[in-house]
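Enquirer: Turn these sequences into a full structure, and let the hints guide you.
Number of protein chains: 2
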Amino acid sequence: METLFALANGYLGIRGTFEEGTPVFQKGSLINGFHETWPIVYPESAFGYARTGQTIVNVPDGTLIRLYVDDEPFDLAQATLLNYERTLNMQTGILERDVIWGKGSGKRIRIRSRRLVSFEHRHVAAVSYEVTLLNADAPIVISSELVYQEETRPVEGDQRGSRAFAERVLLPQGLQACGGKAILTTMTRTSRMTLACGMEHVVETDGSYDLENQSSNERGRVLLSVNGIAGQTVRLTKLLTYHDSRHAEVDELAERAERALERARGLGFDGLAAGQHAYLGTFWDRADIEVRGDIELQQAVRFNIFHIHQASARTDGMGLPAKGLTGHGYEGHYFWDTEIYVLPFLIYTSPQLARNLLRFRYRMLDAARKRAREVNQEGALFPWRTINGEEASAYYAAGTAQYHINADIIFALMKYVEVTGDSAFLHQEGAEMLIETARMWRSLGFYSARANGQFCINGVTGPDEYNTVVNNNAFTNLMARENLRAAATTLQEIRANHPDRFAGLAHDTGLSDSEIAEWQAAADRMYVPYDEAAGIHLQDDEFLSKKPWDFANTSADQYPLLLHFHPLVIYRHNVVKQADIVLAMFLLGNTFPLEQKRRNFDYYDPLTTGDSSLSVSIQSILAMELGYRDKAIEYLRYGLWMDLADFHANVEQGCHIASMGGTWMAVVYGVAGMRDHGGRITFDPRLGKRIEGLRFHLTSRGQLLTVDIEGRKGQATYLLREGSGLTIGHLDEELKLEPGKPVSRAFKS
Amino acid sequence: METLFALANGYLGIRGTFEEGTPVFQKGSLINGFHETWPIVYPESAFGYARTGQTIVNVPDGTLIRLYVDDEPFDLAQATLLNYERTLNMQTGILERDVIWGKGSGKRIRIRSRRLVSFEHRHVAAVSYEVTLLNADAPIVISSELVYQEETRPVEGDQRGSRAFAERVLLPQGLQACGGKAILTTMTRTSRMTLACGMEHVVETDGSYDLENQSSNERGRVLLSVNGIAGQTVRLTKLLTYHDSRHAEVDELAERAERALERARGLGFDGLAAGQHAYLGTFWDRADIEVRGDIELQQAVRFNIFHIHQASARTDGMGLPAKGLTGHGYEGHYFWDTEIYVLPFLIYTSPQLARNLLRFRYRMLDAARKRAREVNQEGALFPWRTINGEEASAYYAAGTAQYHINADIIFALMKYVEVTGDSAFLHQEGAEMLIETARMWRSLGFYSARANGQFCINGVTGPDEYNTVVNNNAFTNLMARENLRAAATTLQEIRANHPDRFAGLAHDTGLSDSEIAEWQAAADRMYVPYDEAAGIHLQDDEFLSKKPWDFANTSADQYPLLLHFHPLVIYRHNVVKQADIVLAMFLLGNTFPLEQKRRNFDYYDPLTTGDSSLSVSIQSILAMELGYRDKAIEYLRYGLWMDLADFHANVEQGCHIASMGGTWMAVVYGVAGMRDHGGRITFDPRLGKRIEGLRFHLTSRGQLLTVDIEGRKGQATYLLREGSGLTIGHLDEELKLEPGKPVSRAFKS
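Those sequence lines, one after another, are chains E and X. Residues in the first sequence are numbered consecutively from 53, following the numbering used here. Residues in the second sequence are numbered consecutively from 53, following the numbering used here.
The set of hints was computed from the structure by calculation and includes no laboratory data. The reader is advised that the hints may include incorrect statements.
No distinction is drawn between identical chains; accordingly, a pair holds when it is met within one copy or between any pair of copies.
[What the hints assert, rightly or not] For lysine to any residue, the following SDA-like pairs were computed, each having C-alpha atoms within a straight-line distance of at most 20 Å: (1) Lys741 / Gln350; (2) Lys155 / Leu133; (3) Lys800 / Arg502; (4) Lys599 / Val580; (5) Lys599 / Asp576; (6) Lys159 / Leu789; (7) Lys765 / Lys800; (8) Lys599 / Arg502; (9) Lys599 / Arg425; (10) Lys159 / Asp123; (11) Lys422 / His616; (12) Lys422 / Thr334.
Fair warning: this is a prediction, and the values are worked out from it, not measured in the lab.
Expert: In structure tokens:
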């Protein structure tokens with residue numbers, strides 16, 4: 053619940069813990085990118101290993117509000133609750149809790165708390181805490197705090213968890229306290245990041261009250277005392293703000309905090325709530341998916357979309373952590389799944405956010421150049437997992453070896469450009485990223501005599517982490533080919549049409565004409581492993597040579613396999629965590645004939661454990677395309693409820709944001725049958741059991757398209773709500789849409 | 053020098069540090085198997101990883117003798133030395149140092165120290181320290197100590213080094229001190245091993261002296277004061293003893309120490325030295341190799357043999373650490389190289405020692421059974437590196453994945469039985485080891501449809517650690533085949549001829565007849581990768597598909613590659629640390645036609661960096677067999693001087709004992725052309741540049757054979773010095789040797 057009810061805006065995240073502080077699985081207030089570093093110590097080390105660990109750390113917790121009635125603490129774990137309700141309102145962006153506390157004395161107290169993390173004001177969060185004495189007088193004391201939190205607990209033996217620190221991480225730097233306000237400043241021990249956080253309070257109640265500031269360097273604390281009268285409501289509004297930096301002095305941050313609190317105080321909780329509602333209104337207007345016929349599915353779809361938005365809305369200059377800001381899992385690191393699983397949603401609903409995330413990668417380019425040198429490559433090698441741009445993966449086989457992240461980033465870049473038409477970005481940041489990644493691929497692979505002179509890439513790990521350090525991972529080679537081609541094509545286009553920019557690039561990167569030709573040649577001669585006898589693409593050169601996995605004798609509690617079998621056992625078997633061939637058939641769907649897709653899917657699907665949360669959404673899309681509708685819907689439902697039903701038994705570590713992005717794709721690409729190769733949008737709607745209809749919105753080249761699919765009628769309606777005209781495809785037909793004029797077409801439901 | 057001048061007897065080792073304590077690279081007194089344990093912490097952990105580290109630790113240093121003349125300390129780093137000589141006498145087993153100290157005052161003092169670690173009395177070491185005032189009177193004070201040593205320093209980024217501990221490892225438990233004697237008892241912090249060590253002193257000098265015992269729990273210390281007169285010699289004999297245990301109380305160990313010191317005192321240094329000389333006389337009589345024509349080579353050969361003996365003579369129930377007891381490298385662990393590189397020497401010169409080491413493996417069988425379960429195998433899986441029987445490798449790709457160690461142990465077992473005829477050992481311990489290792493192989497591999505139903509073994513690492521976690525490593529498959537065959541053949545033989553024993557085995561291990569048939573079938577259908585086009589065996593399925601290594605642009609200081617390139621870079625290239633196909637062609641030489649050997653060698657030799665110290669000796673043997681004599685002798689010389697010339701730049705960590713065993717093989721199997729497949733000994737002498745003649749001894753089935761090869765005459769003489777009759781081969785001729793009757797045959801020199 054602490055994860056599912058987490059609030060976040062992409063900059064600041066607060067887990068759904070109770071104000072009163074207990075009971076708690078894992079507290080957490082997180083700022084995107086606010087991390088501690090530590091030396092990675094390997095029991096057996098080797099050259100080129102990642103040296104510096106990076107771990108997102110808890111900032112001081114501002115949600116704490118302790119209530120005392122008759123000097124007795126309100127303890128949720130012990131109290132008699134006459135009513136209890138908790139609501140995450142995805143329309144207003146507010147987490148609300150309403151309880152009635154029945155004391156032994158017969159006194160009843162209603163406690164209503166509301167919490168928000170503002171989308172509009174990214175540094176601000178707020179809590180409204182109302183205490184109503186329902187049937188008797190009583191003294192009320194409320195202690196509102198801002199406290200340093202213990203560090204996150206480690207998850208033993210599970211690489212998906214986070215890390216504990218032996219020493220205190222946040223070193224207090226100072227305090228400003230006055231009236232209802234307290235601002236703490238602090239610094240991380242090793243990474244030397246600075247932080248100011250503050251709280252301010254507004255009290256609303258009939259009659260008098262007393263407000264006392266008891267803050268110290270170690271803790272902000274404001275004490276509110278009221279001699280409550282039956283029927284009276286005491287409302288405490290708590291305004292919170294956080295400001296972090298890698299460079300700024302804490303005093304400057306404290307000033308920012310001061311100003312932010314002042315503004316927030318001016319708005320009050322209700323003003324912030326109104327802004328929140330309006331912000332989300334705009335969001336849902338462009339990003340909602342309405343599902344007809346299954347109210348639970350509808351709710352799950354929106355829950356997934358809401359959490360993607362919470363993870364991405366205000367990342368601004370930062371990346372998007374695997375768990376968003378809902379938990380400490382994966383240490384707050386940024387992975388490839390941002391680009392492959394989350395960016396499609398952003399590109400089509402909030403292209404500016406997609407651009408921000410791509411710019412963030414661009415700013416990591418120098419670190420990636422350095423990393424490439426460390427592992428003997430030219431160009432740039434983006435890290436498998438990172439916060440600050442340096443490789444932080446401490447297990448290269450499922451880390452640095454996943455070179456495909458470079459092609460994934462470029463794939464997302466090109467998708468972004470195709471859909472938005474943002475050629476300025478392509479020519480500036482994009483061109484440099486293309487050059488350096490193409491160089492990396494060119495130096496990584498080689499023309500192999502054994503493969504008839506084709507271009508081979510050895511010793512890499514694809515998205516499927518159950519087969520590591522393999523030769524010619526098909527996904528990697530296919531995506532690298534796209535990367536090389538995109539680089540060659542784009543640079544040729546710049547050379548032809550923007551000679552000044554080309555000259556600039558040549559100057560800055562040493563780019564030569566022959567290099568571009570080399571990329572094109574490597575792409576043209578890219579080797580893609582294929583087995584003629586079986587008629588399938590091979591996940592890698594050796595995939596068919598592996599020992600079959602004994603699925604029949606693997607019990608349900610032995611999944612995920614990675615928690616129950618030594619990596620060597622998994623790696624030597626014909627078993628898959630996520631089917632990366634299937635992913636390739638989705639991303640590069642236009643390059644595979646349908647029957648090839650079927651043969652590949654039929655082969656790989658039974659071998660796929662889905663132990664990766666990234667698996668089911670893609671399986672769903674392909675299953676839908678191949679007409680396996682029940683299977684597709686089953687996979688989709690699994691994806692949609694992955695966190696809500698905690699299918700992976702680790703939701704405590706945070707939401708699987710990429711999987712959530714995957715579910716959006718499973719609906720839009722799967723159920724609605726959208727395809728967008730080369731930026732041209734087409735639809736082949738399918739729906740499926742229990743889904744009667746679907747309505748969703750896509751932004752393309754600044755135009756807003758609404759798609760409404762009616763299962764019973766077997767009719768799809770396309771409406772260009774904004775824009776000047778858009779050409780799309782429905783089945784094999786080309787539709788020229790004009791703004792405001794819906795076009796309906798039939799499909800076979 | 054501290055490594056090269058180390059003294060050891062297989063139980064106790066003392067590095068060649070100076071008595072006076074400085075200067076020191078790394079102190080070290082080591083007891084075989086006396087280790088501390090620690091939890092292995094992985095930055096990214098996974099199921100089945102080794103959990104407990106094991107590190108050999110320094111026992112208290114008893115060599116310390118500080119000399120003061122005129123109350124001025126004798127400091128080797130500062131003193132003016134008029135003479136300095138240090139000698140490791142490999143005939144007497146004594147390390148001697150003779151210096152003349154010229155003081156500023158004009159006084160000259162001769163200091164002569166001699167040190168031994170007794171082969172006869174494995175718990176005893178002794179130092180004779182003589183101080184002679186050459187030209188003037190002076191007060192002499194000698195402080196003789198027994199002190200706890202700081203732990204070994206870590207070698208950053210080099211997995212071949214050892215480990216430092218944050219906390220003190222040895223916890224003092226008690227002290228007995230009286231007169232010239234002090235006994236300290238101690239216990240390791242975590243592994244709870246107990247130790248008693250003691251020193252006793254005998255003073256010989258004209259005139260009076262004063263002996264004062266200043267020992268404490270933390271340090272044994274005895275102070276000798278003499279008012280020295282010109283011409284007078286003061287001789288201090290220091291007797292040392294060490295007794296460790298996993299179970300015994302320290303008080304019991306202290307009693308043992310007491311008794312050992314008493315016995316040693318009875319013998320005195322000279323008595324111990326006489327015993328040492330006699331013991332080595334017997335050893336050299338059976339193990340010496342005389343090389344004619346190259347005195348430096350002669351010395352290097354004997355140096356290597358001497359250190360093997362120091363590592364193995366009194367291991368008794370323990371294993372043989374990779375560095376013997378000459379340094380802390382590889383943490384005092386036991387590896388496969390004991391069986392493959394050292395056992396041949398022991399089998400042919402001291403078969404009882406070979407038997408002890410095989411028994412030691414047998415005693416680890418239960419731990420190996422447990423380890424097999426952890427990684428999903430049946431039978432037993434011996435650990436890649438260990439002291440206490442548990443897997444201690446913290447990098448599975450070059451650790452647990454090296455399943456071949458199981459076949460290596462069995463190979464040595466069968467070689468031992470063939471050469472000694474010790475069928476009792478085979479039927480008792482051996483049979484059980486055969487059963488459990490064969491089971492492991494049977495469950496590890498599978499009949500692969502892709503390989504026409506042949507038996508394949510995937511996801512393993514061969515001896516070559518530059519290609520890890522590969523499919524069908526040829527060395528592994530070939531050796532596994534031998535293992536399976538040996539198990540099937542031996543168990544069939546026991547079933548036929550020793551039904552009671554067979555019933556016992558069936559009862560103890562659940563062995564069934566069908567299992568034996570399964571082993572035979574797996575062996576018969578074992579897949580061995582071979583490339584028809586190239587006409588060579590493949591190191592593994594993918595070896596030919598790798599990217600060529602750019603040897604031309606690899607500078608000398610980039611070797612060993614493992615210290616300069618990320619593992620991924622090395623693994624994806626066509627480059628070899630040690631050629632395991634070549635090793636297989638040596639061990640199983642009778643199964644490869646000569647021309648096949650040539651094609652394989654010609655292909656792999658240029659790809660072999662020799663970054664493993666285990667490489668050159670085997671390359672030498674095959675080069676010799678193929679007639680590449682210059683290359684063979686070059687490799688042999690490289691091996692012989694590996695530590696003497698510190699070719700691998702890490703002799704400070706200890707001698708490469710397995711490489712030393714390899715040099716013995718390179719002489720006997722290479723230069724003398726011995727082969728012994730199936731236990732039948734044949735010779736095909738070749739000699740080579742600068743080697744005029746060779747004389748060595750082999751023990752087979754209790755008989756002692758001396759082989760004398762005369763290069764100039766082109767004549768080999770075989771003499772059965774002990775025994776009743778032995779049939780050997782010379783070239784294609786069978787020779788029936790009778791005791792005392794030399795037989796000479798010509799060969800083409």
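Enquirer: Against the earlier hints, flag every one the structure doesn't satisfy and list their numbers going up.
Expert: 3, 6, 12
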